[in-house]
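**Student:** Following the hints, position chain U against chain F.
In case you want the letters, here they are:
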Amino acid sequence: MKYAFYPGCVARGGAPELYDSALAVMDRLGIEHVELTKAACTGAGVLQEKNLKMGDILNVRTFAMAEQMGLPIMVLCSTCQGVMSQANHRVKKDPEYLAEVNKHLAAEGLEYKGTTSVKHLLWALIEDIGLEKLKETFTRELTGMNMAPFYGCYMVRPTDALEFKANPTRETSLEDLIESVGGNVTDFAGKTACCGFPILFINQANSMKMVANHTGTAKDLGADAMVTPCPLCHLNLDGYQPKARKQVRGDKADLPVIHVPQLIGLAMGMSEKTLGLQKHIVSTKEIVRKAEALPTRV
Amino acid sequence: MPDAKQATEQQTINVKLKVKRYDPADSGGKTWWQEYEVDVHPDSTVLDSLIEVREQNDGTLAMRCACRASICGSCGMKVNGSAKLVCKTRVIDVAPNGEQLIIEPMGNQHVVKDLVVSLDTFFSQIKRVEPFLQPDHVPAQGEYIASNSSMENLLTSMNCIMCGCCVSDCTVLEVDANFIGPAALAKAWRFTEDPRDGKRDERLKMLNDEDGGMWDCTRCMKCVDVCPKGVAPMDRIMELREAAIKAGNTNTPGYHHTESFYNSVKKNGRLDETRLAIDSAGWTNLPRLLDLAPIGIAAMRKGKLPPLMPHKSEDNQKVKDLYKSVEDES
Numbered sequence: 001m002k003y004a005f006y007p008g009c010v011a012r013g014g015a016p017e018l019y020d021s022a023l024a025v026m027d028r029l030g031i032e033h034v035e036l037t038k039a040a041c042t043g044a045g046v047l048q049e050k051n052l053k054m055g056d057i058l059n060v061r062t063f064a065m066a067e068q069m070g071l072p073i074m075v076l077c078s079t080c081q082g083v084m085s086q087a088n089h090r091v092k093k094d095p096e097y098l099a100e101v102n103k104h105l106a107a108e109g110l111e112y113k114g115t116t117s118v119k120h121l122l123w124a125l126i127e128d129i130g131l132e133k134l135k136e137t138f139t140r141e142l143t144g145m146n147m148a149p150f151y152g153c154y155m156v157r158p159t160d161a162l163e164f165k166a167n168p169t170r171e172t173s174l175e176d177l178i179e180s181v182g183g184n185v186t187d188f189a190g191k192t193a194c195c196g197f198p199i200l201f202i203n204q205a206n207s208m209k210m211v212a213n214h215t216g217t218a219k220d221l222g223a224d225a226m227v228t229p230c231p232l233c234h235l236n237l238d239g240y241q242p243k244a245r246k247q248v249r250g251d252k253a254d255l256p257v258i259h260v261p262q263l264i265g266l267a268m269g270m271s272e273k274t275l276g277l278q279k280h281i282v283s284t285k286e287i288v289r290k291a292e293a294l295p296t297r298v
Numbered sequence: 001m002p003d004a005k006q007a008t009e010q011q012t013i014n015v016k017l018k019v020k021r022y023d024p025a026d027s028g029g030k031t032w033w034q035e036y037e038v039d040v041h042p043d044s045t046v047l048d049s050l051i052e053v054r055e056q057n058d059g060t061l062a063m064r065c066a067c068r069a070s071i072c073g074s075c076g077m078k079v080n081g082s083a084k085l086v087c088k089t090r091v092i093d094v095a096p097n098g099e100q101l102i103i104e105p106m107g108n109q110h111v112v113k114d115l116v117v118s119l120d121t122f123f124s125q126i127k128r129v130e131p132f133l134q135p136d137h138v139p140a141q142g143e144y145i146a147s148n149s150s151m152e153n154l155l156t157s158m159n160c161i162m163c164g165c166c167v168s169d170c171t172v173l174e175v176d177a178n179f180i181g182p183a184a185l186a187k188a189w190r191f192t193e194d195p196r197d198g199k200r201d202e203r204l205k206m207l208n209d210e211d212g213g214m215w216d217c218t219r220c221m222k223c224v225d226v227c228p229k230g231v232a233p234m235d236r237i238m239e240l241r242e243a244a245i246k247a248g249n250t251n252t253p254g255y256h257h258t259e260s261f262y263n264s265v266k267k268n269g270r271l272d273e274t275r276l277a278i279d280s281a282g283w284t285n286l287p288r289l290l291d292l293a294p295i296g297i298a299a300m301r302k303g304k305l306p307p308l309m310p311h312k313s314e315d316n317q318k319v320k321d322l323y324k325s326v327e328d329e330s
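Here the protein sequences line up with chains F and U, keeping their order. When you line the first sequence up against the numbering used here, it's residues 1 to 298, in that order. When you line the second sequence up against the numbering used here, it's residues 1 to 330, in that order.
This is chain F alone, in the form it adopts within the complex (with noise of 0.2 angstroms):
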């Protein structure tokens, strides 16, 4: 498999570890990848509340991009993700905004013409590699470890732009890998919800009452951690959990916030450094010696 490559800001800014980590584990499936080193950030939202078309744009740019390469863009966030797959959603579904869109590439030469699909690694390695293939990259099964899931909202939300009638896999993608590597799944009914993120500088004791709940809830179910497709989600829910908990329930910082591919990397058997895993605020050092401790196959 072959993707054109679009880690995002934050893979490249605030949450590295999830940029090394992904392209430990896609080195080790094999998974070869282009990135798009002048593509621009999807906006996030954010740019759209000012103006969405600017933000349409931005991300049609990046598509044509892909398109020129023939491959399909492969996204490492959730926002990434429901920001892309909502401007692709608009723009193919109506040739008139399509050509309007496209008249401002046409000075750098690039024209789109909707055929690039874009995919987060989560659903890229559900989809195209497959969870029993991926089984096989294992060196150990993460028997007895609890793990709670974290979507983020543009990874479930909506769900016609995300496609997720014609791949009914999506809706259930985090529980499903989480089951590969040999985990139980922390079941909580925020898994879909917001993270708080986004009203972070905003509203900021709302955004502490989130992080709070959906921590505290994860742990008191018997959370050993919480595995997020989103690099926000992980930057609030890591970064302010210290703050949150202390704030809203008078607690301790305890439940570490992995990103997808350090999940995979623990079954891998690679190391805390490979995975950045001593770069989280919250201490990983729990489960990595939890998984360090089971029994390993060659």
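Hints are computed from structural coordinates only; laboratory data are not their basis. It is possible that some hints are incorrect.
[Said to hold, decoys possible] For each label pair, taking beta carbons as the anchor points, the in silico distance ranges come out as:
#1 F:D94 / U:Q34: 46 to 56 angstroms
#2 U:K267 / F:R249: 31 to 41 angstroms
#3 U:G248 / F:T143: 54 to 64 angstroms
#4 F:E171 / U:Q134: 37 to 47 angstroms
From the three backbone atoms N, C-alpha and C, an ideal C-beta is built for every residue, glycine too.
**Tutor:** Frame of chain F, contents of chain U only:
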């Protein structure tokens, strides 16, 4: 031998329901789960099944319904954790293999009994936006005339039947009862976009300035997902924000956040996370800046502070040119 049509008519499906009950009269209010099983026609809705339960199994089960045709907005409740109009929800679609359905009253609203919630919260939110036309002049002659297209533009919001599903599942209301909520904001948009209304600027300013106003929405899209009538409240909230900015409301962290994001991508092709945090806090807002410091230091110690000099996308002049071509156009 019965013909095919008769056979279909005779068929029934078995529906398993697990219903959250609440009785306020029972020693200060008791909550419990109760399981039911009924046989209904294969085309039945979840509401049909609940009515069957009430009529055949348990007359004490309280619920609210009227039109049974998704017009009146009475039968909102949670099915498997998501708010739905149960008269519009076929059993076969939510339990294709006879799975048990979890039925609960709507969220974020006061439960009166079993599946019935009070509408007080909902209407107190709606009242905050003064949901009536306030023209600033009387036409010299005849009626207030609005163009066909301006009315068509309002159709999304005018489809609202006030069922409360969006309020039920709003992730902000879950943590903050003061948030005005998706239904009220969609209703407000219906008036700010109406050419006959004379209070557009005041409405935008109020919703921009007040605590719990338009900027408190997290953009989680739950309301878009659960709205049974295509109102898509969050999309209306985004249009309210765009309109508020255009009308000159530039005093909120929400505005600074959006503006900083927009300009960061314009300048670098990418997001400058450090700059976004400082811009949103406000460069002169010392308490908020100091509040950011411990988080920044913790991130730095772990080797994950976003770069102080932002990453740029390669050849980012092309992105600047694109911005120019779009901005020149408008």
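**Student:** Each hint: holds or not?
**Tutor:** Tested hints:
One distance hint, 46 to 56 angstroms for the beta-carbon pair F:D94 and U:Q34, holds here, with the actual separation near 48 angstroms. About 40 angstroms separates the C-beta atoms of U:K267 and F:R249, a value consistent with the hinted range of 31 to 41 angstroms. Remark: the range hint 54 to 64 angstroms for U:G248 to F:T143 is upheld by a beta-carbon distance near 60 angstroms. Judged by the Cβ atoms, the range 37 to 47 angstroms given for F:E171 and U:Q134 holds: they are separated by roughly 45 angstroms.
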